[in-house]
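Asks: Please build the complete structure, drawing on both the sequences and the hints.
One line per chain: the protein sequences are A and B, in this order.
One point on numbering: in full-length UniProt numbering, the residue at position 60 of the first sequence is 60, and numbering is uninterrupted.
One point on numbering: in full-length UniProt numbering, the residue at position 166 of the second sequence is 166, and numbering is uninterrupted.
Simulated from the structure, these hints should not be mistaken for lab results.
Hints should not be assumed to be uniformly reliable.
Since copy identity is lost for identical chains, a pair holds within one copy or between any two.
Derived pair list, reagent style DMTMM-like, types lysine to aspartate or glutamate, alpha-carbon separation capped at 25 angstroms [to be verified]:
#	residue 1	residue 2
1	206	190
2	80	178
3	206	118
4	206	99
Here is how the chains run, residue by residue.
2 protein chains.
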Amino acid sequence: MSPTPEERRAARHQFGTVASPPTARRGPSRGSKQPITVDAIIDTAFGIVAREGYDALTMRRLATALETGSSSLYAHVVNKEDLDELLIGRLCAEIDLPEPDPGAWREQIVGVCAQLRDQYLRYPGISQAAFAAAPSNLDTLRLSEGMLAILLAGDIAPQTAAWAIDALTLYVNAYCLEASLENRRPGRDEILRRFAALPDTFPQTKRYAAELTSGTGHDRFDFTVRLMIDGLV
Amino acid sequence: MSPTPEERRAARHQFGTVASPPTARRGPSRGSKQPITVDAIIDTAFGIVAREGYDALTMRRLATALETGSSSLYAHVVNKEDLDELLIGRLCAEIDLPEPDPGAWREQIVGVCAQLRDQYLRYPGISQAAFAAAPSNLDTLRLSEGMLAILLAGDIAPQTAAWAIDALTLYVNAYCLEASLENRRPGRDEILRRFAALPDTFPQTKRYAAELTSGTGHDRFDFTVRLMIDGLV
DNA sequence: GTATTAATACGAGCGGCGTTCGTATGATGC
DNA sequence: GCATCATACGAACGCCGCTCGTATTAATAC
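Replies: Have a look at this one:
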């Protein structure tokens, strides 16, 4: 009996893949349609999120894209939450972790955060899933292990390093989640107009409306990440 | 004609309440049941979230608690998103903003962040709604106005102050969102056990497992907020 | 060569969600 | 007394995640 989805999930949290013997395929494979695999599910899911955003990723929608029924997915994935974890896992797995260089730890950490940010932004809204992702997933642990190694090489105290990693990843998640919601909001011009129309009980907001609404590109992101990193010993 | 929910929402974003004349109540009011009002809806919603968490707050569930049908809510609230905004608005409205004291701006900002955190934590998961909340809501603007005033009094450059407020509120949101998901996760003991069972490709994680899983109470929160604030000029 | 068995696939259906629509209710102004 | 109109609400629509019973297929055992 090949591993159930539950067993696969457990393996992702506990040990490296048990390398279950690739049991020869059985079961129906009507016509030219290729069989459903976990990888195919993940690939298709990423496609949907990239094109239509995370909210469009439903089990039914995903099944339709795979030309099957939603119930078929549950033979490969425990539930939606499990699918989310698989997506976040793959995302983290693709982060390039540099060999720690004691003289360049700040740039290295900034680089990792930027990579993570760009991965999230490629798949709008997926950071929602990142918040729920369990901290014991092997792929996400690989990421924190790499960040920890960089900070330790930079002579940061272990406790400080651990909390800094938490703070940084939490901020990256939040920044990307907010960024993915930005299209639902009024544009900068509209906000400036509303700020100008505010009553005089909002003097600072009116006066510094430009500063409050500025931050094109990733200026705000860079500002905050640097703020945190420069504060480390 | 008394204001439609849409008009009420617009008022929250544009101008102070237009103080629509409190038209005497009309319509059915069968038996002793008191009429549905926006305030009653908000109060009941907070009760549900406080007791059962944000995910339990559905329009149907809310309507049931008010002893009515879900469709009745739409006479007072535009939609679920609007309800979320009302909740976040009230939450922000209850934050106590101190008179800016140039000599105590750090403590003042920390205090405001801690208040915000405690408000969010009182209603588990509600920070999900905070992410989506539009930045032009009057109650949330009052909060950022107050924080801006504190930072400016501390001689922080306007642009730095604006971005710092963004970073701080984003972090508070993220921290509280993660905190509300914590009960779904394995406890600290279980995580330590898993870390110990990791392969040797995770040397730092294994060695500093204690540091990585520490941070009872709000230690991690305090660490990060101080990290950001101390980095300001 | 045939029967057995395990793996896979999937349609139908359950309960719940946000939201809309048509209609009923009843206090108010004339 | 009657028309008006804010208010209230049941029924239904199209989604959602998920489960269950069953059908299909390929490897295996005899």
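Asks: Run through the hints listed earlier and report the numbers of any the structure violates, in increasing order.
Replies: Violated hint (a single one): 3; every other hint is consistent with the structure.
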